[in-house]
Every structure is written in structure tokens, then in C-alpha cells.
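Throw the hints in and build the complete structure from the sequences for me.
According to numbering that gives the first Met the number 0, the stretch in the sequence shown is residues 0 to 640, in order.
What you were told as hints is all true, and nothing was included just to trick you.
Subject to a maximum C-alpha distance of 25 Å in a straight line, what follows is the list of computed DMTMM-like cross-link-like pairs (lysine to aspartate or glutamate):
1) K275 x E579
2) K506 x D615
3) K278 x E375
4) K438 x D410
5) K506 x E256
6) K471 x E266
7) K205 x D255
8) K298 x E212
9) K535 x D566
10) K282 x E375
11) K121 x D61
12) K185 x D168
13) K205 x D190
14) K420 x E375
15) K402 x E427
16) K278 x D410
17) K522 x E580
18) K275 x E212
19) K633 x D117
20) K278 x E579
21) K471 x D525
22) K471 x E579
23) K535 x E375
24) K522 x D570
25) K197 x E49
With beta-carbon atoms standing in for the labels, derived distance ranges:
26) Q93 x K535: 35 to 45 Å
27) A135 x T478: 38 to 48 Å
28) T184 x P134: 23 to 33 Å
Think of the hints as simulated: they come from the structure by calculation, not from any bench. All C-beta atoms, glycine included, are put in the ideal place defined by N, C-alpha and C.
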Amino acid sequence: MKKLQNIQFYFLVLMTVVIAGLGCKKSFLDEYNPSNKTTDVYYLDIKGYESLVISCYPLLRDITQQRTLTLPGTDLFAAGGWGGIFYNPGLKSQNGSSLDQYDINLNSSTGGLQSLWDLLYKEINRCNAAIDRAPAVKDMTDVQKGIRVGEAKFLRSLSLFWAVQQWGDIPMPLTETSEGSLVVTKTAQKDVYAQIIKDLTESITKLPTTTTEAGRVTQGAAKFLLAKVYLTRGWNFAGALGGSAADFTSSLKLCDEIIASGLYPLEANWNNLWPKHNKDVTKETETAATSVAVANASKEVIFAVQYANAATYNGDANFQPANGLIGNNMHSQFPGGPSNVAQESRTPTYNRFLPQQTPTWAAYRLFDPQMDTRYEGTYNSVSYATVSGNVSLASNKPYPQAKTVSFVRGDTTAIALPWNKPALTAAERGINIPGGTKKYDVVNANEYQGRFNTATVPYVDAMGWGAPMFWKFWQPGITYGDGYSTFNDPLFRSAEVYLMAAEAIVKGGTGAALGTADVYYNKVLDRALGAANAGKSPMCATNPELVNDPLANIVSYRATAATINIDMILDEYGRELLGEEQRWYTLKRTGTLITRAKRFNPWTAWGFSGAVQIADKHLLRPIPQGMLDNTNPKIAQNPGY
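Following this line, the structure appears as C-alpha cells:
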């Protein structure tokens, strides 16, 4: 299989200045380029131009790793721990991330805004260069040029789509920028959407249906993106996108075409989409390579950000900051970690769990933990000792005990019980709790993110565990730290196509090939339930945000033609795509960001010092400070900031 080359966009051979010496006929200022490889020359032949198109792909890694603007502040993820405001709500001074609270500190200087803006426009410029320079390439057929330009237009459209959702009216350069300028003009959102639709429609006619080169854009990827663009425009945010009801039918038609192609069948086993791993890490048999072999080859994935092939996309399991090699960091960006006594420090045995995106209670309670395979596929609820040792409970607060607990490798050190099967008696608890009999910590769901904290007596437990590990993306056998994973990030997959189709139908899309919206929805659900439970009714919490709601307060999440609605579909997006979905865009698209974040995200509901802050202005992000400082006349800031 042909390997894509790893050549950066601004590949320039430095011009050599030959200083005039004794007997030299050239003047001091004459320049000499021994290789004659400027961009104007290098990109004229097939080899150089192919490297230019390839250079449009690697930035997707950096862009998609900017998750602070797509996951926190939603219904299912917060930027950090939120237990304190539940366990100690009277302490008004408690405050979290402005990305969750939507307070005054969410402004043009907020971390991540400038990075995402810069990355998106760098990507747009690379794509513009590939589009502009195509006509001058000498030794490439028109068909091949059409494919490469189609790839570049897709990648430009993807970047513009992300940018217009974040910021609304945005600059929309459509030609290569080679010189700096202080003059920046915004383009209206409806015109950005019109351009994206035009480019993707053209790309679909040029792109191949399949490819032998891993990671290349195909016709299916372009149809997926166009379907989502139509779906988003149909909702017509603030009446500014130029959308209409016809957009839902256009989106549905594309979804049906993707499904009917047969190229992207749903995996029979949902867990085959993720790295293989043993929940008992002391019995792990997979290696870095074997763990991702099945997932990275899945036909359900329509388009993925590539990390598996170092020679192709500059990403492998050996992160090298010196030369810019990066791998996937999805395995390390979600919290949970093993219990305090489970592992030796900083090793790849459990690797790293950073609390960058912390699941809310709803992210657990929307699942049926017993029937839905995605619950245990997403979370690891048991922690195992990887070394032998002793743990003293003498310093525990508020329950100090004159006890020492001994563990050997492979012992269970903690269990986080599912929300609907809590320990109801003291005897079912660990010995770190008064009356407990278990040698390991037993955590009920209403104790996730903390236990017994008060303003005067913070909870301290040498055996304690906070919450289940976010396990979905975890890959064994890789070096400890961020950015080492070789798992390809599945940006588009066909399960989402079925749910987008259901959404389009609920919004009035017509001509569905498979029937009513519930038919599409239940296709995804039944795969998650597995053959043994297909057709049954899994139960989630009626009020997922109320962790102490009576256990009997549950509701089925199997859809019928009579019950399916947008909230039910949003819940299913969450279960199916948790952590991979760019959730902020989904909620903004459907007009539910404010209501669902206030209901399900503890920090959004808390606001700033107990006063809710989220408002309509937060449906657009502030223009980054760097753009305000470096434009003349100054680019207009979004309203309210």
C-alpha cells in the first residue's frame, strides 16, 4: 500500500546568499539557490503537489485535540471535578472553570480560543494553497487533480464548519495567503454555509468511493460532512444560517445514501471500535500494536484522524517533542484513574488519567449498566493492585481507624458500583467505612467525585476512589503520558449517520428509506444491547442529574414512533459517542445547549458563586484577543463580550 509522505506545508529550501569574495563576479546582494526548490517550483510537479495535499491532513490531530471548546460546558462533561458543589453547596466561594460556568472569565483571553482559531486558519490556508496551485501542476491527470482538490475542499470545509459554529460570522479566505495583512473582513454565517455546501457538493462528484491509502478523504466522508452541515443549517441558529425545512430532507437523503452504499456497516460488537484491553491490567495480553488492529481497520469508521502510521502522519507510540511527532492523547484526557492503592507511580500499567473532561452524573445515569454494553465499554469500574503493599487507615478523615490493609498484585482495590445497583448496607461497604466488611473500597454513584466533604472536615481516605475510569479509549502497551496512543480517532462513523437521520426525520425530513425516526435510532441501540437483549427496553434514570433520585424513577430509552424526540436522540448521541462526539456543537445545533447544560452540568447550574451565568450570548465564543490586537480596523467582537 502506498504510504502518504510526511511533508510539512511550508517546505522551503533556504536561499543561499553567496558573499562576493576575491575574484567573484557576483555582487554581494546576488542570491543563489542551488536546489532551485522554492514553493513556486516544487509544487509544479506531481511529487511536490502530492506533498502539499498531504500536508493538509496532519493539522487535524492538533485541531481535534482542542477539546476544551467542544466537551466542557455541556450536559455530559465538565472541565474538572465538581463534587464540592454537591457535597458542600453552602460554600458560595466555590468556583470552577469559566468554560462550565460561562461567567465573566469566559472572554477573549480564555485559554484554547486563540489556539483553535490559529490552527483552523492555518489549515484553511494550506487547503487554499492546494486548491489554488492545482491548475499549474504539469504531470497529473485532470481526474487525479480533481480528487486532490476534492480532498482539500473537504478539509477546508471541515475547518470552516468548526469555526463558524464557534464564532458565527468569521473571516472566510478562499485563496492562499502569502503575505500578512491587518485588514480582516468577516463573512456572514449564511454565506459561509453556502460556500461549504458548494465545496462539498463539488467534492462528492470528484472523490472516490473507496481508497487504499489510509486516512484519505472519500466520497462517503464528504457526504457525511455535508449531511451534518445541512442538518445544522436546517436548525438555522438565530435565523442567521439561511436554513429551511428542506435542509432536513437534504441531510436525510445523504444519510440514506451512506447507509445504502453498504461501505460502512455497523460493527456487530460495539467494543470492536476501541482498543482491546483487559480490565484487570495485571492480566493484560495485548500489545500497543495488537490492541488497535481491529479498531483501526473497522469499516464502520467513515473518516478518522490518523495516528497509527508514523511514516504517514507523523504520529506513533513514541512521542518526541523535539521533532514534533505526536500520537493520540484520548487515552489520557479523561479522569477516573485507579484507586489510591492500585499502581506504582507514573507507569504505563494504568497510564495517565487527567481530569481535563470530567463526566457529569448524567454521563453515567443515562445508561442501563446491566443491559447496555456501552456502559462497561466506556467505563472501568474495578481497580486492581499492580504492586504489593500495605495501606494504613490511621489518617483517614472523618473515620480514622487503627487498621492496616495488605494488598498483593492482582487484588481488587476498589469497585465503583453502577448507579442502579448501590450498596444498601454498611456490610456491603469497604472497611474504610464504619461497619464495612470488604477489603476494598466500595463506591456508590452518589459518591462519585467526592465523599462526605464539608467545609471544616475534608474527606481523606487512603483506600478511596473517586469514580469509574473513563476506559473507552485506553490503550495498553504504550509509554506513560499524553500523546502516545496509536488509536486512530474515529471522527465520522456510521452509527452517527443513523442518529443524524433520526434527527432529520423528527425535524420534518421526508423520504426516509428505512421508515420512521425510531427505526434508525433503534438500529444503533440494538447493536449496543447485543443479540441477547436486542428488542428489549433498557432503562435509564428519569432524572439523570439527580443522583439521589429514587431508584424506581427510571424510564425506557427504546424509541417508538410515538416517543422519539430530540432529547431522546441527544441522550443516545451521548451514550453512543461519549467522549468522541464534539458535544458542544451538537447542543448548539439543536438549540439545547443552555437548557441541557443548566440541567445536567453541576457547574453550569451553580454558575458563579451560586448565580447562574449562561445566556444566549454564550452560543457564540468571543473572538480571540490575538485577532483583536492584530487587526486594523479592529475586527468586531461578538455581542456581549
